[in-house]
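Chemist: Quick mapping for you: the protein sequence lines, in order, are chains P and R. Taken in order, the first sequence gives residues 23 to 131; the numbers are from the working numbering. Taken in order, the second sequence gives residues 352 to 464; the numbers are from the working numbering.
Since the hints were made in silico from the structure, they are not lab data. None of the values given here were measured: they were computed from a predicted structure. Watch out, some of these pointers could steer you wrong.
Claimed, not checked - Pairs of lysine to any residue, SDA-like flavour, derived with a Cα cap of 25 angstroms:
1. R:K452 to P:A35
2. P:K25 to R:A391
3. P:K123 to R:S457
4. P:K25 to R:F449
Read off the chains here:
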Amino acid sequence: DAKTTQPTSMDCAEGRAANLPCNHSTISGNEYVYWYRQIHSQGPQYIIHGLKNNETNEMASLIITEDRKSSTLILPHATLRDTAVYYCIANQAGTALIFGKGTTLSVSS
Amino acid sequence: SQTIHQWPATLVQPVGSPLSLECTVEGTSNPNLYWYRQAAGRGLQLLFYSVGIGQISSEVPQNLSASRPQDRQFILSSKKLLLSDSGFYLCAWKGDRFSEKLFFGSGTQLSVL
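Pulled out of the complex, with its shape left as it was, chain R reads as follows (with noise of 0.2 angstroms):
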């Protein structure tokens, strides 16, 4: 059956420091993978998406960057966070072809201070 991992749950880092997020999915080849993020009491953003390796689509400008360096692995970066970098970051993976049906990671809860 097919798994996603997304690690650390939770995550304090200064203003300043550098991100790294690491999201991998088990059981399945070529997914197509997503990371949102929610901000306190907001709805879910989505930041970036990717078809495939190297293939990288990024929603919303911003201090974030993503990578897909293996099939089944999807990395979120930052060289500096910002405060507004604060959130529940998540991974999800398209469990369809034919459908928009994601399965969601258990999330990072970032805290920049």
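In isolation and in its complexed conformation, chain P is listed as follows (with noise of 0.2 angstroms):
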């Protein structure tokens, strides 16, 4: 699976759009990105994935790039409760997801 690099940890204003990058340029033309995090003391919680084209739903949306060597997990109004260490994760279908360090994303009023 191909190695992702994100941000130790970032800061967000409660209200405002958290937009978490993730770096993967060695991602090969069959592998997903994913998307969990993990609160506190809790199991990590499915967001989102994609191949190429951007998607939405509920939680969050997710930009990638039009040569899928980066994406954006975008939480558009975060709350308090968003705050968590966020999970990028390149991987081949099939395979178990390996993951890495995340993002601490923290949310304040």
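Dock chain to chain to rebuild the complex, using the hints, since each chain is given by itself in its own frame.
Modeler: Take a look at the structure:
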């Protein structure tokens, strides 16, 4: 699986959009980009995934660049409950997910 | 609807004692099942995964083993715990055949003293 690079930490004001970047410059054509988050002392929670096209669901939007070398997870209106570690994973279908260190997002009022 | 059960929530065990953590999934059949571990201040480490009864793949050599005696049951075991086995153990199942959308249990916090 392709290696991903994320900032160690980010801050966001409550009510503002949180934009979490992820670099995956060595991603191969059949690898998807997955995003999970982990709130302290809980199991990770699936957020969204995509291959080439931008994706949106009730939790977030995923923007993947045309060359697929990077992506951005967007939480449109961050709340205090969005404070968590966010993991970006590039993964080939049928292989187990390997989690990195992720980005610690702190949302403050 | 599908649910995943993992127990116990917390466990304190002495070094050298055995371990058995159980995970069960309801509402689905033949799920892929996973065991992950998170040591204090570190990321999630994949320990084992299973695509069916009796089929176990180990990702890292260690003091632990896994078994899948029934379709929706996944067990993590150790004969003799080490201090380094301490951590947050998470079971997960795969919710979609065509993606890696995993659903995680609530985890077991294991402290080996």
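Chemist: So, for every hint listed, does it hold in this structure?
Modeler: Evaluation of the provided hints:
1. R:K452 to P:A35: violated, 29 angstroms
2. P:K25 to R:A391: Since the Cα atoms of K25 (chain P) and A391 (chain R) sit roughly 23 angstroms apart, the hinted pair holds (cutoff 25 angstroms).
3. P:K123 to R:S457: This hinted pair holds, its Cα atoms lying about 20 angstroms apart.
4. P:K25 to R:F449: Since the Cα atoms of K25 (chain P) and F449 (chain R) sit roughly 22 angstroms apart, the hinted pair holds (cutoff 25 angstroms).
The earlier numbered hint that this structure contradicts is number 1, and it is the only one.
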